[in-house]
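Using the sequences and the hints given, assemble the complete structure.
Residues per chain are reported as follows:
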Amino acid sequence: VELAWTVIPVLIVVVLFLAAARVIHAIEDAKMPPGTTQVVAVGHQFWWEFRYPDHRFVTANELHVPVSDPQHPTPTHLTLMSADVDHSFWVPKLAGKTDLIPNRVNSTWIDPHETGVFVGQCAQYCGTQHAKMLLRVVVESREDFDKWVSNEQRLAAEADSVAQGRRVFESTACLNCHTISGTNARGTFGPDLTHLMSRATLASGAAANTRENLHLWIKDPDAIKPGCLMPAMQMSDQEIDAVTDYLMTLH
Amino acid sequence: MLDADSISKPMFVPPAEAVARPLFDRVHAWIVTVDHKKLGLMYIGYGILFLVIGGVEATVMLIQLAIPHNHFVSPETFNQLFTMHGTTMIFFAAMAIVFGVAVYLLPLMIGARDMAFPRLNAWGFWMSALGGIILYFSFVGGGGLYGAGGAPDVGWFAYAPLTSPAFSVGHGQYYHHHFVLPLPRHDVEPDTDTSESAHEDADYPVVRAA
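Going down the list, the protein sequences come from chains A and B. For what it's worth, this note's numbering labels the leading residue of the first sequence as 1, then goes sequentially. For what it's worth, this note's numbering labels the leading residue of the second sequence as 1, then goes sequentially.
Note that these hints are calculated values from the structure, not bench results. Check the hints yourself; a few may be wrong.
[Stated by the list, open to error] Just a few of them, taken from the derived set where beta-carbon distance is under 10 angstroms, the chain A residues facing chain B:
id	residue
1	ASP54
2	ASP84
3	GLN124
4	TYR125
5	CYS126
6	GLY127
7	GLN129
8	HIS130
9	ALA131
10	LYS225
11	PRO226
12	GLY227
Think of the CB as a built atom: it goes at the ideal place given N, C-alpha and C, for glycine as much as any other residue.
This is how it looks when you write it as C-alpha cells:
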C-alpha cells in the first residue's frame with residue numbers, strides 16, 4: 001500500500017510532464033505557415049518600435065497586422081527585443097504576455113481572426129511611465145494592410161507650405177531622436193515620425209493624435225506623460241506652430 | 001537578644017507585589033534583552049508597525065486608483081509607493097511576524113531554555129530594525145542632500161537592468177539593496193544583488209543597430 005502511494009503519484013507526474021512537454025513542443029517549434037507577417041518589436045522606455053523587415057520600414061506604437069483566416073492561417077510572428085530595460089508585450093485579446101528582455105531575443109505570435117483595434121499595454125514594470133506605455137494592434141483585411149504598408153514605405157510627404165517647420169525640425173535637437181525618412185532626421189531614440197498622421201494616438205497611446213495634443217506634446221511632453229524621456233525643447237511658440245504644421249502633413 | 005516572644009512573632013515582610021522599576025530601567029531591559037520571548041514579541045510588534053505603514057501606502061495607492069486619470073499622487077510617487085509597499089509587507093511585516101512567532105514558540109516547543117546564540121538573536125532583531133529605519137529614511141534622504149526624497153521606485157522585485165545607474169537615477173535603489181544586507185535573513189532574497197552585478201556591465205550594448 002505504501003509503495004502504491006509513491007508509485008502512483010510519480011506516474012501521474014510523469015504523464016503530466018510528457019503531456020505538457022508535447023504541447024510546449026507543439027507551440028514553441030510550430031512552423032510558421034507561408035504568408036506569415038514578420039514584425040520585430042523593440043521595447044523602449046516608454047514606447048514601442050515596430051519594424052517590418054520584409055517590407056523595409058519602421059513604425060511605432062500602432063502595430064498593423066493582416067487578419068488571419070482559420071482555414072488558411074496567416075499569423076503574425078513577433079520577434080521581441082528591448083533597447084533598455086525589461087518590457088512585456090501584452091495584448092490580452094490576442095495573446096498572453098511575452099517579455100522583451102535586453103540582450104535576449106524572445107518571440108511570440110498572434111493569429112487574429114477578426115478585424116478591429118485591440119489595445120495592449122506594457123506588462124513588465126519598466127520605469128516612471130510604464131503606466132502609459134500603451135500599444136494598439138490594428139487588425140485589418142489583407143487589402144487594407146497592403147494599402148497601409150505601401151503608404152508606410154513611402155518617404156515622408158513634402159509640402160512647400162510647411163518648409164519652415166521642416167527647417168526648424170531639422171535644425172533643432174528633434175532630429176537627434178526622431179527619424180523622418182527622406183530628411184536629415186535619422187535619430188532612433190524616439191519613435192519614427194515618417195507617417196505620424198497615420199497613427200490614431202500620440203505618446204504611445206497616451207493622447208489622441210489631434211493638432212492641439214501634438215502642439216501640447218511638443219511644447220511640454222510632461223503635461224501629457226509626466227516622466228517620459230522626451231524633453232521640452234523650449235522653442236518659441238512660432239517654432240512650435242511651424243513644427244506642428246509640418247508634422248501634421250506627415251500622413 | 002532574642003527572647004521566646006520575639007521569635008514567635010513574625011518578622012516584617014514587605015508585601016509581595018513588585019515595586020515598579022523606573023521607566024528608564026524597563027525600556028533599557030527591553031533593549032538589552034536576549035530573552036527569546038521578549039525578542040519574539042518585539043519582532044511581532046515591529047511587524048505590526050510596518051503592517052500599518054504598508055497599509056497606509058496601499059490606501060494612498062487605492063485612492064489614486066479609485067478614479068481614472070486621478071492626480072492624487074505623481075507617477076514617481078506612485079512607483080515609490082508600490083515598491084515600498086511590497087518591500088515593507090514582505091520583509092518587514094510578514095517575515096518579522098513569522099520570525100517573532102517562531103522565536104517565541106520554538107524554544108518552548110522543544111523545551112530549550114532559549115534560542116541557541118541568544119545574543120545573535122538580539123543582534124538580528126536590532127539589525128532588522130536598523131534596516132527598516134534606513135529604508136524609510138530614503139523617503140527624505142534618497143534623492144541626495146536636498147531633502148527632495150527618493151525612495152526606491154523600481155518595484156520590490158528590483159529587476160536589473162532597471163535597477164542599474166543608467167536607468168535608476170539617484171540613489172534610492174542603494175537603500176533598497178543595502179537595507180536588506182544587515183538583516184540576518186538577507187540570503188533569502190538573492191535578486192537584490194542583481195543591481196550590483198548590473199553595475200559591472202552598465203554599458204551593455206543596446207539593440208539599436210537596425
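Hints, verified against the model:
The closest approach between the C-beta of ASP54 of chain A and any C-beta of chain B is roughly 14 angstroms, which is over the 10 angstroms cut-off, so the hint fails. For ASP84 of chain A, the interface hint holds, the least distance from its beta-carbon to any beta-carbon of chain B being 6 angstroms, beneath 10 angstroms. Here the hint on GLN124 of chain A is kept, as its CB sits about 8 angstroms from the closest CB of chain B, short of 10 angstroms. The restraint placing TYR125 of chain A at the interface with chain B holds, with a minimum CB-CB distance near 5 angstroms, inside the 10 angstroms limit.
Interface restraint check for CYS126 of chain A: the shortest CB-CB distance to chain B comes to about 6 angstroms, inside 10 angstroms, so the restraint holds. Checking GLY127 of chain A against chain B: minimum C-beta separation of about 6 angstroms stays under 10 angstroms; hint holds. The closest approach between the C-beta of GLN129 of chain A and any C-beta of chain B is roughly 6 angstroms, which is under the 10 angstroms cut-off, so the hint is satisfied. For HIS130 of chain A, the shortest C-beta to C-beta distance to chain B is roughly 8 angstroms, which falls under 10 angstroms, so the interface hint holds.
Annotation: ALA131 of chain A was flagged as interfacial toward chain B, and the flag holds, the nearest CB pair being 6 angstroms apart, inside 10 angstroms. The interface hint given for LYS225 of chain A holds, since its Cβ lies 9 angstroms from the closest Cβ of chain B, which is under the 10 angstroms cut-off. With 10 angstroms as the threshold, the beta carbon of PRO226 of chain A comes within range of chain B, its nearest partner Cβ sitting at about 5 angstroms, so the hint holds. For GLY227 of chain A, the shortest C-beta to C-beta distance to chain B is roughly 5 angstroms, which falls under 10 angstroms, so the interface hint holds.
Hint check: a violation occurs at hint 1 only; the rest are consistent with the structure.
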